[in-house]
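Please model the complete structure; the sequences and the hints are all you need to start from.
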Amino acid sequence: MTDKQDNLVEARGLTFHFGSRVIFDGIDLDLQRGKITAIMGPSGTGKTTLLRLIGGQIKPTAGTIHVDGQNVPGLSRRELFELRKRMGMLFQSGALLTDLSVFDNVAFPLREHTGLPEMMVRDLVLMKLEAVGLRGAQRLMPSELSGGMARRVALARAIALDPMMIMYDEPFTGQDPISMGVLVKLISDLNEVLGLTSIMVSHDVAEASQIADYIYVLSQGIVVGQGTPDELRDSDSEWVRQFMEGTPDGPVPFHYPAGDYADELLSRGDRR
Amino acid sequence: MNSLQQLGHGALTAFQRLGRAHLFLFAILAGLPSLLLRLRLLIQQIFSVGVLSLVITVVAGLFVGMVLGLQGYNTLVDFGAEDSLGVMVALSLVRELGPVVAALLFAGRAGSALTAEIGLMKATEQLSGMEMMAVDPLKRVIAPRFLAGVLSLPLLAAIFSAVGVMGGYFVGVGLLGVDEGAFWSQMQSRVDFDEDIMNGVIKSIVFGVVVTWIAVFEGYDAVPTSAGVSRATTRTVVYASLAVLGLDFVLTALMFGEI
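Line order of the protein sequences matches chains X and V.
Per my numbering, residue 1425 is the first one in the first sequence, and the count goes up by one each step.
Per my numbering, residue 14 is the first one in the second sequence, and the count goes up by one each step.
Be careful, since some hints might not be right.
[Unchecked claim] In silico BS3-like links for lysine-lysine, alpha-carbon gap of 30 Å or less: (1) 1459(X) <-> 1483(X); (2) 152(V) <-> 1483(X); (3) 1509(X) <-> 1459(X); (4) 1609(X) <-> 1459(X); (5) 1509(X) <-> 152(V); (6) 1509(X) <-> 1483(X).
No lab work stands behind these hints: they were computed from the structure.
Here it is as structure tokens:
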């Protein structure tokens, strides 16, 4: 690593095409170790795709992604799996295994990877569940959990192997204010207490800028703004301000590109 | 020109799928050895794939055997050959109906369930979640289900045949008055272990591989939406049934045919 600051994740010239659609067009990202970095942008800008690229689930069309010094697209399957043991990921849906109880879900990565005796697995699971406040829910099945609880269980599972980093995919979407507040507190507390590096993909500006140390704003495949939350709020880019303030019309138009309105209404409406 | 393009596109997509299905099968086979260390996973799946298909197999086998007894008796009695009813029932079941009907029922009962389960696991990001936890879903989810299906179907087919013979016995001997001694002794002397029973077992192993392979592949390859999973489930039942019937002809021609 040649950079002066200590980056856990570095992307250079990252380009990704999905069919003929360009999702990312040569973006550079530096995610500092020990910090919470938020990746923000309107829906459909491929924020989740970015997490999949970092996790090595898909390969970029061009460019490099270094995670802890290793270039993810160049890793063999075995090396990738070794790296993933040190990464946690929190999916939007939680992605809990529906046929296992809360306890067994959190125990899953421990049982798969560590070979620890069951007594120790039990203690670790209880510790992780206590950290997210759901030790009392250990016997429940995923179908009995609310959305916010499911996400907290998934978070306990993501930290089960004590990873070096956690990726959060839209952690606040569809949460009521209380569970939103719980998640905000959990993400920032865990980052601090466990010495994690967190990457958070989100479009919830208020919550994300509350805890993020650094924010990247993506749109149309490029980085349109970056900086600390305060810097972005005072950004001189009209676009970034529209996003941070959430005004309905501006550089991002309200209308999806379409032909002339009057013409379409008056035409016979033949659909090719 | 447009329809020609569509035809070409359709053919290419079909061949791509076929290629993916084969790569998928090789990946599963490569994952089988590690299952030996995780017998619990296999046993769980044998329960949900095999044991839970028992009731439908036994009931269907009983009725098929009873129908065979009735129909066989009506034909044989015209020639005064009703003592051969046992042979006829046993051979029909062991050679053909046992493996084939059990496989069709298996495709409908267990195959569709496997596809729907795996498809939904994909749709709810459970498979991707496992990958991100450095757990290979092919080894953890797919391989045990595949092996469970391959092991279960031959057993189910054997049970189907056995229950079917009992059904033929109840109708033939119990209701229609065929001689009990003749029913069993002719069956014993005319049904050959290698020629008849083993060929039936080979058929059911082949069907087990094909049906389970189609089921797990369709689930894994499903479009991860509710419509996609429902289409995949339908495809499993349709493709698996057609594959069973088509392969049955090929296998029968090879085993018993004079072609």
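We went through each hint and held it up to the structure:
no.	hint	result
1	1459(X) <-> 1483(X)	holds (25 Å)
2	152(V) <-> 1483(X)	holds (22 Å)
3	1509(X) <-> 1459(X)	holds (20 Å)
4	1609(X) <-> 1459(X)	holds (15 Å)
5	1509(X) <-> 152(V)	holds (17 Å)
6	1509(X) <-> 1483(X)	holds (19 Å)
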